[in-house]
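Asks: Using the hints, position chain L against chain A.
Chains A and L are the protein sequences, given in the same order.
Mapping of the first sequence onto the UniProt record's numbering: position 84 corresponds to residue 84, and the numbering continues sequentially without gaps.
Mapping of the second sequence onto the UniProt record's numbering: position 150 corresponds to residue 150, and the numbering continues sequentially without gaps.
Hints are supplied without guarantee of correctness; some may be wrong.
[What the hints assert, rightly or not] No farther apart than 35 angstroms at their CA atoms in a straight line, the calculated lysine-lysine pairs in the DSBU-like style are these:
1. A:K219 - L:K143
2. L:K116 - A:K205
3. A:K220 - L:K72
Read the hints as simulated data drawn from the structure, not as lab findings.
What follows is each chain in one-letter form.
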Amino acid sequence: MKVLGFILQKEFRQIRRDTTILRIMFMLPIIQLVIFPLAMDFDVKSINISIVDNDHSTYSQKLISKIASSGYFKVVSAETSFKKSLAYIEKGQADLVMEIPAGFERNLVREGVQKIGISVDAINGTKAGIGGQYLNSIITDFNVNIDMNLRGAIAPEQQGAIDIRYTNWFNPRAEYKYNVVPAILVLLLTMIGGFVTALNIVKEKEVGTIEQINVTPIKKWEFILGKLIPFWVIGMIVFTLGLTISWLVYGIVPRGSFLTLYAFAAVYLIALLGFGLLISTYSDNQVQAMFVAFFFIMIFILMSGFFTSTDGMPGWAKVISDMTPVAHFVKTDRMIILKGSSFDDVKMEFLYLVGFAAVLNGWAIWNYRKTN
Amino acid sequence: MEDNKAIICKDLTKQFGDFYAVNKISFEVAKGEIFGFLGANGAGKTTAMRILCGLSYPTSGTATVAGFDVYKQQESIKKNIGYMSQKFSLYENLTVLENIEFYGGVYGVPGKEIKKRSDELIMTLGLQSEAKKLVGELPLGWKQKLAFSVAIFHRPQIVFLDEPTGGVDPVTRRQFWDMIYQAAASGITIFVTTHYMDEAEYCNRISVMVDGKLEALDSPANLKKEFGVNSMDEVFYQLARGAKRSGE
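Here chain A stands alone, though its shape is the one from the complex:
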């Protein structure tokens, strides 16, 4: 135990001296938490639409003004032919083209049915998809109104349409920040655990001091704990800092218990530190370690529901997602912070994380050789 004390003393001294890394570790939460949630708003607000009105009737004008006033669309041009409108998509100036056919009003009034052509630019998939949906709902709404106008005089209560209203539970105004802030807290721990530890140990390899360590009677576990504990402490401080910023800037206070949240953060950090350690045992220099860590952290971020939902993933992708410790913490972190889930609700996820921590660290310790 005494030896561990000397190692820890040395590590903390070195961390304190490396002011660049230290500053980055503490700037990271501030910058990420202040900028990302504001910048990453997936609501699509300005969809450029080009309209071809072949009908020039009251109804078609009503529909157009309804679209223009919805707040989501910007009518960039009104053309006389579909071909001309399409040119706007081709030039990237419009995301959508809506073509109102001649006889629109007449058909609607007489037959109650009319088709409208909508073409979307699918290069920007999200924008086009969401734009298409918005447009659809505006038109549906328009339909209902027409329907009401037509039948209204006779029997409004016969109106059989089912009205769907969404309520966003746990995030009532569907604000993106509530989704993103908990994810960034996880990202912070991921960066510190995954990158900083790996680089720290590999640096000792590069400089040659690890050889000097390997020739001392320091035990494997002493060396590894000596490396893990300082970064674990820093990680927990950064996490606390992150929570404080979420509260000060966004007013987000975890609804669940702090104890549960910290228990998860603690175990998650151990798992990620083990991951960093594992990378360091396989890399010879910092460039290698950086590249490998980056490769995996990219997968973690894209596959684990940081910014996109994992529910829509195909089965095989979900399997990969479940195999990252990140996915489990992102999920529970949101549950605890936004929903107020108790430890009982998330205990399976806790076991997963404990498993990851055990496997990654065990593997790293096994692969770290003082003699080879």
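Replies: What follows is chain L alone, placed relative to chain A:
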């Protein structure tokens, strides 16, 4: 094992694929001896030394260091040796005192003793005004002297020095060898590799490795006699010019 031997090696071999880095070398080093381990670049010196320090497993042959087996008792070996590698290996972003404290601590030197010995050490090295400076700020010669002092700080039985004076000026090299003599006088066995033939003259006995094999082993005077030459330089030249391997 014989009581007065610090290192005993028999047919020690390290093979990487079909490359014999160390090829059946056998020798013994007596306690308190200054043993020079010579060889051209790539001759296998560092590999052999790493095996003896418990950093690397041999492929075959036997060896004991301080009475411990290099296959099974590496950790016991590590408690009883000091090692100074080719690469400078103190922490440049720790101060002189912090480095001493750390290495003293991990070898289990008691706290009070660390304090006492480091005060003495700073005095002997004349580093009073540098004790609280970062090691990275010291000139190379001082760094090497400090590294050596740290390697023997825990009073090991044997100290392994891998080209300790590489890149150091002649005056400092001379001082360095004074330190080695002092350590030897206090009973520490010195196992040293070098490329400087004047340094080879300072050793009690010398071995010369060529292409992974041990080609000569005797005192400098006897070797010169045997090869009928006047300097160690010529002994080394005669042995090493037949070498097929070069470069590390």
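Asks: Against this structure, judge whether each hint is valid.
Replies: Consistency of the hints with the structure:
This hinted pair checks out: K219 (chain A) and K143 (chain L) have alpha carbons roughly 27 angstroms apart, not beyond 35 angstroms. A C-alpha spacing of about 31 angstroms is found between K116 (chain L) and K205 (chain A), which places the hinted pair at or below 35 angstroms, so the restraint holds. Pair hint K220 (chain A) plus K72 (chain L) holds up; C-alpha atoms about 16 angstroms apart against a cutoff of 35 angstroms.
Violated hints are absent here; each numbered hint is respected by the structure.
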